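Chains as they are written, first to last, in numbering that gives the first Met the number 0: chain F, 0 to 403; chain G, 0 to 403.
In short, the hints are calculated from the structure, not lab data. Note that this is a predicted model, so its numbers are computed, not measured. Hints are not guaranteed to be accurate.
[Said to hold, decoys possible] Not the full set, but computed from the structure, chain G residues with beta-carbon under 8 angstroms of chain F:
#1 V47
#2 V115
#3 L302
#4 A306
#5 I318
#6 V329
#7 V352
#8 A353
#9 F390
[Unchecked claim] What follows is a list of derived Cβ distance ranges for each label pair:
#10 F:F84 / G:N244: 50 to 58 angstroms
#11 F:K202 / G:K151: 53 to 61 angstroms
#12 G:S333 / F:G160: 52 to 60 angstroms
#13 F:V352 / G:L59: 22 to 30 angstroms
#14 G:L344 / F:V352: 54 to 62 angstroms
#15 F:F356 / G:S205: 52 to 60 angstroms
#16 G:D103 / F:S333: 25 to 33 angstroms
#17 G:V342 / F:G377: 50 to 58 angstroms
Beta carbons: idealized from backbone N, C-alpha and C, even for Gly.
2 protein chains.
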Amino acid sequence: MQDNTVTHVPGFKAGAIKAGIKKDKLDSAIIYCPTGATWAGVFTRNQVKAAPVLYNQALLDSQETVKVIYSSSGNANAVTGQQGFEDTLAIANEIASVFNCKADDVLVNATGVIGVPLPMDVIIPSIEQLPESLSEDGGKLVSKAILTTDTKTKTVAHTFGVSDVEVHIGAIAKGSGMIHPNMGTMLAYITTDVAIEKALLQKALSDAVEVTFNRITVDGDTSTNDTVLVLANGLAGNPLIADTNSVEYHTFYEELLLVCENLAKQIAADGEGATKFVTVKVDRAASEPEAKEIAMAVATSNLVKTAMHGNDANWGRIIAAIGYSGVPGVDEGSISIAFESRVGLLLVLDTGVALDFDNDAAVELLDEDDIVIHIDMGQADGNCEVWTCDFSQDYVKINADYRS
Amino acid sequence: MQDNTVTHVPGFKAGAIKAGIKKDKLDSAIIYCPTGATWAGVFTRNQVKAAPVLYNQALLDSQETVKVIYSSSGNANAVTGQQGFEDTLAIANEIASVFNCKADDVLVNATGVIGVPLPMDVIIPSIEQLPESLSEDGGKLVSKAILTTDTKTKTVAHTFGVSDVEVHIGAIAKGSGMIHPNMGTMLAYITTDVAIEKALLQKALSDAVEVTFNRITVDGDTSTNDTVLVLANGLAGNPLIADTNSVEYHTFYEELLLVCENLAKQIAADGEGATKFVTVKVDRAASEPEAKEIAMAVATSNLVKTAMHGNDANWGRIIAAIGYSGVPGVDEGSISIAFESRVGLLLVLDTGVALDFDNDAAVELLDEDDIVIHIDMGQADGNCEVWTCDFSQDYVKINADYRS
Numbered sequence: 000m001q002d003n004t005v006t007h008v009p010g011f012k013a014g015a016i017k018a019g020i021k022k023d024k025l026d027s028a029i030i031y032c033p034t035g036a037t038w039a040g041v042f043t044r045n046q047v048k049a050a051p052v053l054y055n056q057a058l059l060d061s062q063e064t065v066k067v068i069y070s071s072s073g074n075a076n077a078v079t080g081q082q083g084f085e086d087t088l089a090i091a092n093e094i095a096s097v098f099n100c101k102a103d104d105v106l107v108n109a110t111g112v113i114g115v116p117l118p119m120d121v122i123i124p125s126i127e128q129l130p131e132s133l134s135e136d137g138g139k140l141v142s143k144a145i146l147t148t149d150t151k152t153k154t155v156a157h158t159f160g161v162s163d164v165e166v167h168i169g170a171i172a173k174g175s176g177m178i179h180p181n182m183g184t185m186l187a188y189i190t191t192d193v194a195i196e197k198a199l200l201q202k203a204l205s206d207a208v209e210v211t212f213n214r215i216t217v218d219g220d221t222s223t224n225d226t227v228l229v230l231a232n233g234l235a236g237n238p239l240i241a242d243t244n245s246v247e248y249h250t251f252y253e254e255l256l257l258v259c260e261n262l263a264k265q266i267a268a269d270g271e272g273a274t275k276f277v278t279v280k281v282d283r284a285a286s287e288p289e290a291k292e293i294a295m296a297v298a299t300s301n302l303v304k305t306a307m308h309g310n311d312a313n314w315g316r317i318i319a320a321i322g323y324s325g326v327p328g329v330d331e332g333s334i335s336i337a338f339e340s341r342v343g344l345l346l347v348l349d350t351g352v353a354l355d356f357d358n359d360a361a362v363e364l365l366d367e368d369d370i371v372i373h374i375d376m377g378q379a380d381g382n383c384e385v386w387t388c389d390f391s392q393d394y395v396k397i398n399a400d401y402r403s
Numbered sequence: 000m001q002d003n004t005v006t007h008v009p010g011f012k013a014g015a016i017k018a019g020i021k022k023d024k025l026d027s028a029i030i031y032c033p034t035g036a037t038w039a040g041v042f043t044r045n046q047v048k049a050a051p052v053l054y055n056q057a058l059l060d061s062q063e064t065v066k067v068i069y070s071s072s073g074n075a076n077a078v079t080g081q082q083g084f085e086d087t088l089a090i091a092n093e094i095a096s097v098f099n100c101k102a103d104d105v106l107v108n109a110t111g112v113i114g115v116p117l118p119m120d121v122i123i124p125s126i127e128q129l130p131e132s133l134s135e136d137g138g139k140l141v142s143k144a145i146l147t148t149d150t151k152t153k154t155v156a157h158t159f160g161v162s163d164v165e166v167h168i169g170a171i172a173k174g175s176g177m178i179h180p181n182m183g184t185m186l187a188y189i190t191t192d193v194a195i196e197k198a199l200l201q202k203a204l205s206d207a208v209e210v211t212f213n214r215i216t217v218d219g220d221t222s223t224n225d226t227v228l229v230l231a232n233g234l235a236g237n238p239l240i241a242d243t244n245s246v247e248y249h250t251f252y253e254e255l256l257l258v259c260e261n262l263a264k265q266i267a268a269d270g271e272g273a274t275k276f277v278t279v280k281v282d283r284a285a286s287e288p289e290a291k292e293i294a295m296a297v298a299t300s301n302l303v304k305t306a307m308h309g310n311d312a313n314w315g316r317i318i319a320a321i322g323y324s325g326v327p328g329v330d331e332g333s334i335s336i337a338f339e340s341r342v343g344l345l346l347v348l349d350t351g352v353a354l355d356f357d358n359d360a361a362v363e364l365l366d367e368d369d370i371v372i373h374i375d376m377g378q379a380d381g382n383c384e385v386w387t388c389d390f391s392q393d394y395v396k397i398n399a400d401y402r403s
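Start from the sequences, fold in the hints, and give me the full structure.
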């Protein structure tokens, strides 16, 4: 049976338990690599960082390898002051004792409500159940245990070749609201058995995150806990990748990129209340950063996203968003806009000229669950694509009573 | 009877008709000052500006006085290319002919759907009905005719003293979605009979807009058509205000400020789908611009606004927004957060320490239609207050099928 998760990769086990942070739901998970794995991480740029984020970040430079990712859901351990750090450390110590490793071999993550101390009275005693939860195909359980308002698990795995050996990569993610570049409330854990130097693993991850997880938006809100981690245990046996100009590095990077892009799109598609996946594709802007700025302004606009929800080809809201994006030199006379779905392509604005179109045809085209908004700025060669979802009443329903 | 609108001011008449842009609704309005009035204007900073906005802006420097504000709703005349400018000019010419004035005496405004040419076949013939629609108390009709998705008219009027003479000021506004600083889809028309130099009127208006209309947000979207106009016909007979340091200038400025603040708050309270008015008050930030940046990040957050809708004292979302606001040096350990309504005040975060609070009491406090979110940054003396509304499912309902 295909294991489309982190346990697709030899040398990794995983498991999850009901610790009691949530009511009778899987809420605590572990990914375990007994041989130790070279690791890299990318963390939220929100200035308010949760205690576990700061804990992992502190290990990033000093700790070459790690053995455990612990991840709990239901409580973010953010804005919990000194207590938050002490709790994180206590968890790492307890895991180290149960798994017979050092505390520095343990990465700790959390997601959930901000500002409430972790329920340590249930977490600490639950940790001794973690080893027996581990299995060779436990990634699926982990992908469930890390969810909050997500409606679906997000998983992906590939097998590919590097230096004539078979290499595996597997990943899981969570994220549904507070999704915005720099990243959203999202966690992603990637495992691989490639052998690669730590600095190169970090470069590959940072580069891949920039063009994948940093190009999704659900609601413009970024979170305190976002974390992407990759663990590479080297068991594939390829000669150590140590040169960013090598074919092997590029092969691995391309696979990592595909994994990140795949997860990022799964997250956007499962945005809170989402009923459709929306790609905003900007071509021929003055530069790539400007193309991204324009695409993000459009993808973040509540008005554009509600129009997509209502199958409304209201391109006026798109051009208004372009106009306030902050990019200089916007000339409406050079802009073209089209909508695309599997039904077809509909050009609605042609170099500044509004086209007559059949509204019934537009509704039919937009009444699909995968929509592309094409924006041609007609300026130069800056291109960028970002991913989002439509905006439905359920977003409000979900977020108006998340705590209760 | 108190006329709480632009026709509160002697020398101004107003009226509105059903031109046929909308189906059987008031959609075309006029404010008329036969003696001519000194004027000032503030316009959208969106780079995509509607044709009438560009038309009025072009008149701002060259035209000392105007006699007519024409304002239609249902169609924004934005992104309509050369045709949009020709249509604006044709409207100004037709009004000039009907009112026996010059085209340069006429300001033209529009609000509504973007990218659709104005229905000139119904607009031009309707203009001859405008003179007979005028009345001494027609401001109320104008306040209705300019609405789009607004649920309420927005009006205010004061009488005050300058140099021992009685001076009047009256105003109307519209705006409900696409409301964000620099401004939203909003129109505001202010009349007064004060005698004031044009440059000072412009300064007073620009200063007042900066701290009122530029401090409201509904959905983070700014529009192509935003316009605030003030017309001062001088009929009060006060000695011409010509010095920004004079008591008279300050008296007038304070009244203008009150009028703008009052309208801005009415607009925020009537945000699309709004069920409550929310003030975000930031104190002791590093500076006033930083206080504004923080307040705006919080007031724009969909997650904060849905929490307010759900009576959820979820201050974690507030501190997350502070963290991504872009202001440097955010230290969660110095931040305090409280919620206030007429029920009372509830401190939930005290210099970085989360306080236990009774959730039922919090729900009772937030289940009011006027909420204040207090944020004390504990840094220096930068203060700012901005106004917004909660975010309900009706926002989505309204915007998912605005065109249909």
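Outcome of the hint check:
1. V47: It holds, given that the least Cβ distance between G:V47 and chain F is near 3 angstroms, below 8 angstroms.
2. V115: 7 angstroms, holds
3. L302: 5 angstroms, holds
4. A306: G:A306 check passes; min Cβ-Cβ to chain F is 7 angstroms, inside 8 angstroms.
5. I318: Result: holds, 5 angstroms to nearest chain F Cβ.
6. V329: 4 angstroms, holds
7. V352: The hint holds - G:V352 has a Cβ within 8 angstroms of chain F, the shortest such distance being about 6 angstroms.
8. A353: Holds - the Cβ of G:A353 comes within 8 angstroms of chain F, reaching about 5 angstroms at its closest.
9. F390: At about 6 angstroms, which falls below the 8 angstroms cut-off, the nearest Cβ of chain F leaves the hint on G:F390 intact, so it holds.
10. F:F84 / G:N244: 50 to 58 angstroms: 55 angstroms, holds
11. F:K202 / G:K151: 53 to 61 angstroms: Taking Cβ atoms as reference, F:K202 and G:K151 lie about 56 angstroms apart, which means the hint holds.
12. G:S333 / F:G160: 52 to 60 angstroms: 54 angstroms, holds
13. F:V352 / G:L59: 22 to 30 angstroms: Roughly 28 angstroms apart at Cβ, these two residues keep to the hinted range, so it holds.
14. G:L344 / F:V352: 54 to 62 angstroms: Since the Cβ atoms of G:L344 and F:V352 sit about 56 angstroms apart, the hinted range of 54 to 62 angstroms holds.
15. F:F356 / G:S205: 52 to 60 angstroms: Hint violated: Cβ distance 40 angstroms, outside 52 to 60 angstroms.
16. G:D103 / F:S333: 25 to 33 angstroms: 31 angstroms, holds
17. G:V342 / F:G377: 50 to 58 angstroms: 55 angstroms, holds
When each numbered hint is compared with the structure, a violation occurs for hint 15 only.
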